[in-house]
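Spelled out, the chains give:
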Amino acid sequence: MRYDALVIGAGLSGLAAGIRLGMYGKQALLLERHALWGGLNSFYRLRGRRHDVGLHALTNATSARTGVLSRVLRQLRIPREALQLGPQLRSVIRFSDLEVWFSNDPALLESELAAAFPARRDALATLSAEIANWVPEARPMPFASARAELLRRLGDERLVDVLLLPTCYYGSPLENDIDWTQFRILYQSLFLEGIARPRGGIRTLLTALKTRLEACGTELRTNCGVERILLDGARAVGVRLDDGSELFADHVLSSAGLDETLALCGRKPEPDPARRDLSFLESIHALDCTPAALGLDAAVAFYCLADRLCYAQNEAPTEPRCGVLSCPGNYADQEPEAAVLVRQTVIANPQRWRELVARGDEEYRAAKLEHSARAAAAAASLFPDWRAHTLDLDVFTPRTIEHYTGHVNGRVYGSPDKRQDGDIGFEGLRLIGTDQGYLGIVGAMMSGIGIVNRHVLAAAAESAP
Amino acid sequence: MNDSDIQIAIKDIIAQIAPDEDLSQLDPAVRLREQIELDSMDFLDIVMELRKLYGVQVPEADYKELATLDGCVNYLRPKLAGKTLHCAARV
Ligand SMILES: Cc1cc2nc3c(=O)[nH]c(=O)nc-3n(C[C@H](O)[C@H](O)[C@H](O)COP(=O)(O)OP(=O)(O)OC[C@H]3O[C@@H](n4cnc5c(N)ncnc54)[C@H](O)[C@@H]3O)c2cc1C
Chain A
1 MRYDALVIGA GLSGLAAGIR LGMYGKQALL LERHALWGGL NSFYRLRGRR
51 HDVGLHALTN ATSARTGVLS RVLRQLRIPR EALQLGPQLR SVIRFSDLEV
101 WFSNDPALLE SELAAAFPAR RDALATLSAE IANWVPEARP MPFASARAEL
151 LRRLGDERLV DVLLLPTCYY GSPLENDIDW TQFRILYQSL FLEGIARPRG
201 GIRTLLTALK TRLEACGTEL RTNCGVERIL LDGARAVGVR LDDGSELFAD
251 HVLSSAGLDE TLALCGRKPE PDPARRDLSF LESIHALDCT PAALGLDAAV
301 AFYCLADRLC YAQNEAPTEP RCGVLSCPGN YADQEPEAAV LVRQTVIANP
351 QRWRELVARG DEEYRAAKLE HSARAAAAAA SLFPDWRAHT LDLDVFTPRT
401 IEHYTGHVNG RVYGSPDKRQ DGDIGFEGLR LIGTDQGYLG IVGAMMSGIG
451 IVNRHVLAAA AESAP
Chain B
1001 MNDSDIQIAI KDIIAQIAPD EDLSQLDPAV RLREQIELDS MDFLDIVMEL
1051 RKLYGVQVPE ADYKELATLD GCVNYLRPKL AGKTLHCAAR V
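Residue numbers (our numbering), protein chains in the order written: chain A, 1 to 465; chain B, 1001 to 1091.
Treat the hints with care, as some may be off.
Stated by the list, open to error - Computed spacing ranges between beta-carbons, pair by pair:
| hint | chain 1 | residue 1 | chain 2 | residue 2 | range |
| --- | --- | --- | --- | --- | --- |
| 1 | B | 1043 | A | 4 | 21 to 27 Å |
| 2 | B | 1070 | A | 458 | 22 to 28 Å |
| 3 | A | 98 | B | 1086 | 57 to 63 Å |
| 4 | B | 1004 | A | 130 | 21 to 27 Å |
| 5 | B | 1043 | A | 359 | 56 to 62 Å |
| 6 | B | 1074 | A | 155 | 55 to 61 Å |
| 7 | B | 1083 | A | 80 | 32 to 38 Å |
If you are wondering where the hints come from, they were derived from the structure by calculation, not from laboratory data. Beta carbons: idealized from backbone N, C-alpha and C, even for Gly.
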């Protein structure tokens, strides 16, 4: 049979795309190589505990109808109550000599920044208003450095570092900088629209999406990898699966990533030799108490021990001086099981981890523990030390991310080359997800929706029913 | 089928797209977007629902005809002639 659309990947962008396609009677099929759905934000069970792969925070949490999450849920016809969102209590950005708290009330961030940088109070207010009123362009925008734009507006390198620390960690494929468009999207998503956590974590959101997908009649095939995209000249006409069978469709939507999708088309991507891919080492500590009981009361803590931002690779497998702590218990109304968790994320160097894997299982495992311990020790110089309370620890690396999502080098934020229109030069083929330029969980869903609306449904609306 | 049925059928569609809006106070002569929060994605859905439920085709050039409830009724009257409308909002 011939499909209207084949969707490569059942991450958040693919699931959202599949729902929109099914809602309007399109014959669509989601193809997922992994046994589970969710992609970069999936879930697993280990030693009796339930873990999320990602999900520190669901951004754009505001219940205002104009909020991005509200718009996404409306498009998918998922009631907000299904997500059981608990807003953050508060979060912090910390350097060794300064701390800036923020909450879902943007006024807190403004007053904290103004207190830490009194000379920049007016410039900060102007910036905040500028971003609040900014609407992303519909057309693709060339890269611009957020660092340069911020420096021009604020005139203070340290203040710029304070703003870049959280935004880089939540969405930049670049070292110590982020695209100016993406910075503004993230500033709106994190600081203006606020963050929350679904009670039950990513499973709650994924269950809502999967239930909706089934209700819309879109089929999801797991353990079903796409080996290549079938082309007829410059047109994508279908896919060949890992088992050799072929499927044909009018539209192919790929969430595999830009370089990965080009490779599926038989094109060799030409990575910029100067570019250094960033990935993460993530440690999940289950404690014998809540982190708040130890004084660790931030929902998310972005920190940097060095004077200047070091969101960058160093020669070692990890960069322990800079990272993120995430405590699911520091959101309202969370399940007790999650309330004892502390997640720690630091930058990892994919090349070094590849070498460690090559040295065998034992060395790889030892390296995971060693680098996780280094990261925890580093954080203990700024935050209450939770290490003596850790009952269970799981660590994942760039290798784990690559293995489970197919993203080259375990890149979480994809290629620095974003294609806002999803166009990579083949008719009938569009990118969805991270490399289309939308970020994070909510961004990925919006990306799947937007591409389906513009390139599949709008055309259908024009044609005879 | 009369004009008020058409209006109810449209409100039904909007209620499905934007379940949290209060549609009881809508002024049929005033632009929908000035009264409730509808973005271009929601608007596409109104068109898609009309197509799905009634087989009605609305080319993009005609979207502007749907700006108000009155506009919707005028534009859709000939297209919906003889069709059975789903009017859950009335019951
Ligand atoms: C540790 C971590 C923490 C995070 N924390 C947050 C957070 O707190 N908040 C937030 O908003 N975002 C967070 N993110 C980011 C967020 O998870 C991603 O931005 C989002 O999930 C991306 O979705 P996607 O659909 O674009 O891509 P993916 O999730 O990568 O989906 C792609 C899917 O395609 C499948 N696939 C790839 N190639 C093939 C193929 N050839 N055949 C078949 N299937 C294929 C993959 O298996 C995968 O399931 C986090 C990510 C990580 C790794």
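Right, here's what the structure says about each hint:
Between residue 1043/B and residue 4/A the beta carbon distance is about 22 Å. The supplied range of 21 to 27 Å therefore holds. Checked against the given bound of 22 to 28 Å, the beta carbons of residue 1070/B and residue 458/A, roughly 25 Å apart, stay inside it. Between residue 98/A and residue 1086/B the C-beta distance comes to about 59 Å, which sits within the given range of 57 to 63 Å. Checked against the hint of 21 to 27 Å, the C-beta distance between residue 1004/B and residue 130/A comes to roughly 47 Å, which is inconsistent with it.
Distance hint for residue 1043/B and residue 359/A: a CB-CB separation of about 57 Å, consistent with the stated range 56 to 62 Å. Checked against the hint of 55 to 61 Å, the pair residue 1074/B and residue 155/A passes, with Cβ atoms roughly 57 Å apart. At roughly 33 Å, the beta-carbon separation of residue 1083/B and residue 80/A lies within the given 32 to 38 Å, and the hint holds.
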